[in-house]
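J.: Construct the entire structure; sequences and hints are all you get.
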Amino acid sequence: MLTAIGVMVLLAVVIGVALGWSAIRLKVEGNPLAEKIDAILPQTQCGQCGFPGCKPYAEAIAKGEADINQCPPGGEEGVKQLAELLGVEPKPLDGEHGTPKPKSVALIDEQTCIGCTLCIQACPVDAIVGAAKQMHTIIADECTGCELCLPPCPVDCIAMVEIHEDLPHWKWRYPLVPLKHVA
Amino acid sequence: MTRELFRFKGGVHPPDHKAESNGRPIHPAPIPRQLVIPLRQHIGNPAKPVVKVGETVRTGQLIAAADGTISAAVHASSSGTVVAIEPRTLPHASGLPDLCIVIDTDGRDEWGERTPLDYRAMPAADLRMKLRDMGLAGLGGAVFPSAVKLDAGPAQVCPTLILNGGECEPWITCDDVLMRHHADDILHGVAIMRHLLGSTLVLVGIEDNKPEALAAMREAVARQDFAVEVVAVPSLYPGGGAKQMIETLTGKQVPSGKLSTDIGIQVFNVGTAHALARAVHHGEPMIERLVTVTGHVLRPQNFRVRIGTPMQALIDLAGDREGATGVLMGGPMMGIPMPGTQVPVIKATNCLLVQSRALFPAPPAALPCIRCTRCADACPAELQPQELFRFAKAGDFGRAQEYHLFDCIECGCCTYVCPSHIPLVEYYRYGKSEIWAREREKRAADLARERHEFRQFRLEREKVEKAEKLAAKAAASRALAAQDPAKRAEQAADVPAATQPAAPAADTGEVDAKKAIIAAALARSQAKKAEAAPKNTEQLSPEQQQAIDEIEARRAKIRELARKPLESETE
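So the sequence lines, in the order shown, correspond to chains Z and A. Position 174 of the first sequence, counted from 1, bears residue number 174 in my numbering, the numbering being contiguous throughout. Position 270 of the second sequence, counted from 1, bears residue number 453 in my numbering, the numbering being contiguous throughout.
A portion of the hints provided could be inaccurate.
Stated by the list, open to error - Pulled from the structure, derived: some chain A residues nowhere near chain Z, Cβ distances all over 10 Å: (1) Pro208; (2) Lys426; (3) Asp445; (4) Arg582; (5) Gln709.
Unchecked claim - Pairs of lysine-lysine, DSS-like flavour, derived with a Cα cap of 27 Å: (6) Lys101/Z to Lys576/A; (7) Lys91/Z to Lys625/A; (8) Lys171/Z to Lys646/A; (9) Lys625/A to Lys63/Z; (10) Lys133/Z to Lys652/A; (11) Lys171/Z to Lys625/A; (12) Lys576/A to Lys646/A; (13) Lys625/A to Lys55/Z; (14) Lys171/Z to Lys576/A; (15) Lys231/A to Lys171/Z; (16) Lys615/A to Lys101/Z.
Claimed, not checked - Partial list, derived from the structure: chain A residues whose beta carbon lies under 7 Å from chain Z: (17) Gly278; (18) Leu279; (19) Glu609; (20) Tyr610; (21) Arg612; (22) Tyr613; (23) Ser616; (24) Arg632; (25) His635.
Rather than coming from a laboratory, the hints here were simulated on the basis of the structure. Built from N, CA and C at the ideal position, the CB exists for glycine as well.
T.: Structure below.
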């Protein structure tokens with residue numbers, strides 16, 4: 001009887017120590033789920049979801065504090081992917097956070113720009129070049145189209161230009177099968 | 184001497200329709216009034232224009248330079264004036280416009296300087312650069328810059344050189360007639376390739392449905408001083424595909440995701456060899472090529488065409504007929520429908536196939552896949568087309584890639600044999616471009632993430648730096664105050680003001696030093712205020728005095744209002 005209790009206690013201690021040790025030594029840095037969610041998010045960093053950037057939103061989703069349908073740039077496709085990852089039902093985008101728009105980049109009207117640097121401070125990806133009282137310009141390749149530079153501009157010299165399809169970015173369309181009308 | 188041949192898996196035997204166009208001699212097409220020369224004719228970076236609008240150019244003059252290693256230059260196909268550098272519709276399935284140089288020809292066709300190269304005396308790298316600047320690109324269809332392919336890589340040697348005269352696609356005969364009429368030039372090109380690649384074995388693969396071409400090449404080989412083996416390969420579509428030609432001639436398969444040079448084999452089209460010989464021995468850049476115009480035309484034949492000639496001009500030369508329903512660039516298996524007949528001929532244009540309802544009836548409506556796997560039997564790339572179709576249709580691109588979607592050469596055998604008439608290749612093209620687009624998006628997202636994270640880090644760093652700077656400054660001023668508080672107080676006393684505080688005692692600590700600083704600042708501001716006292720206030724008229732009083736009253740009222748908390752705050 002005593003031996004049995006002793007064995008059980010010993011076992012509990014040994015397993016407890018092993019678990020405690022592994023909890024410290026094999027601790028996973030960061031939140032792997034948040035990282036997986038972050039990989040799906042479009043990285044526009046626009047803040048339309050109500051969080052300051054894609055990563056905070058990903059973390060909020062991982063903690064269950066935010067819904068998966070708050071990212072308009074990700075679109076329905078993004079919601080679907082998030083739903084698949086999290087094993088929940090996909091739902092339509094929440095209109096409160098904006099509607100998806102065609103992909104565009106910001107363009108500064110360099111004639112009107114007064115060089116106030118406010119847009120540079122607002123850009124979440126440092127895609128605007130310029131200095132105080134110097135003309136600013138946008139690095140189109142690095143612009144995510146988040147529109148965060150629009151409100152701070154005191155002279156409204158920034159416009160969003162839709163990206164048109166060009167030859168290197170052209171995609172073959174999904175083959176459409178012509179339907180025959182049957183009476 | 185007979186060589187053991189191997190049979191690649193799959194393939195189909197479509198009716199070859201070669202006889203329509205291969206009987207007539209090569210006819211040089213007249214130079215059109217206007218040439219539209221696209222800058223994106225090859226794989227890789229588009230060429231960069233080096234001429235301006237209004238400039239006069241000569242035939243063969245460089246008008247756009249190669250940009251980077253994988254690129255090829257573009258030349259004026261005839262002499263004339265550059266009238267525009269603007270986007271024009273390209274001979275591309277998308278029908279999208281892209282940058283072109285438009286030349287109004289003067290009809291004189293005056294050549295610029297043509298300097299033949301002594302390729303044996305030149306270092307290989309220089310020769311390759313020269314060829315890139317001559318605009319050399321593969322004429323077989325993929326238009327890969329030839330200079331890149333002529334680099335044997337770190338091995339410095341590519342033992343086997345295969346010249347591809349397969350031309351397996353039905354209707355097309357431009358390689359056939361080129362071999363019949365210019366076999367010697369082709370072999371001169373082969374000599375240069377051999378020199379650059381260090382090849383010891385040179386094979387020319389020609390399908391056995393071209394006996395005249397085989398005979399002409401064999402005759403020409405007898406006149407050369409190096410060994411070339413001309414091999415008749417069985418006609419089987421797509422036997423003229425590079426990988427299939429390699430397998431037929433050598434029995435080797437190019438592993439998935441590798442290049443043929445990795446197994447010591449390089450393949451060139453016969454047209455490329457001919458163009459290479461013209462470039463090296465005659466100094467002529469790539470400004471013309473042979474184009475088969477066939478199908479629904481009166482006189483199907485081959486033309487020697489300047490790059491940039493509108494396709495309609497060629498169709499007119501071959502005899503336009505009523506009832507044409509469209510034009511394919513290429514053959515019926517892999518050809519791409521053209522957005523119109525005014526688009527120019529480019530380096531990739533091997534054939535213009537004019538369609539009609541009688542020759543190419545519209546395919547019947549596609550039926551569901553019955554998984555008969557006839558496509559798998561026909562696939563020369565040994566893929567599972569029915570599975571690829573399923574994944575591409577469902578948008579499951581990850582699985583499609585697992586099933587080696589990118590090994591598909593889009594030869595069209597699967598579509599040809601499909602009893603349900605499913606346009607399978609269209610699904611694969613859709614799948615491939617969708618995967619590329621997603622990869623591009625992913626790269627863009629990764630870049631944005633990286634830049635955003637760096638920005639966060641930068642802002643944090645700047646904050647810390649600012650705090651450190653302030654702390655250092657405060658420490659310095661504290662030290663100064665502790666050193667000589669009396670001096671500071673003296674400074675403050677210098678300012679003439681009523682609110683002059685008592686000078687702090689010498690033994691006061693940090694608090695007093697701060698107090699002294701505050702007092703000094705206060706004193707300074709008071710002094711400034713005193714200086715800014717209203718001027719010209721003497722000898723005022725009663726009206727002026729009244730106006731001043733009113734203004735002062737308003738000011739006082741506003742001050743009073745400002746002191747009161749806002750209504751919203753009190754609630």
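J.: Against the structure, test the hints numbered earlier, and report the numbers of the ones violated in rising order.
T.: 8, 12 and 17
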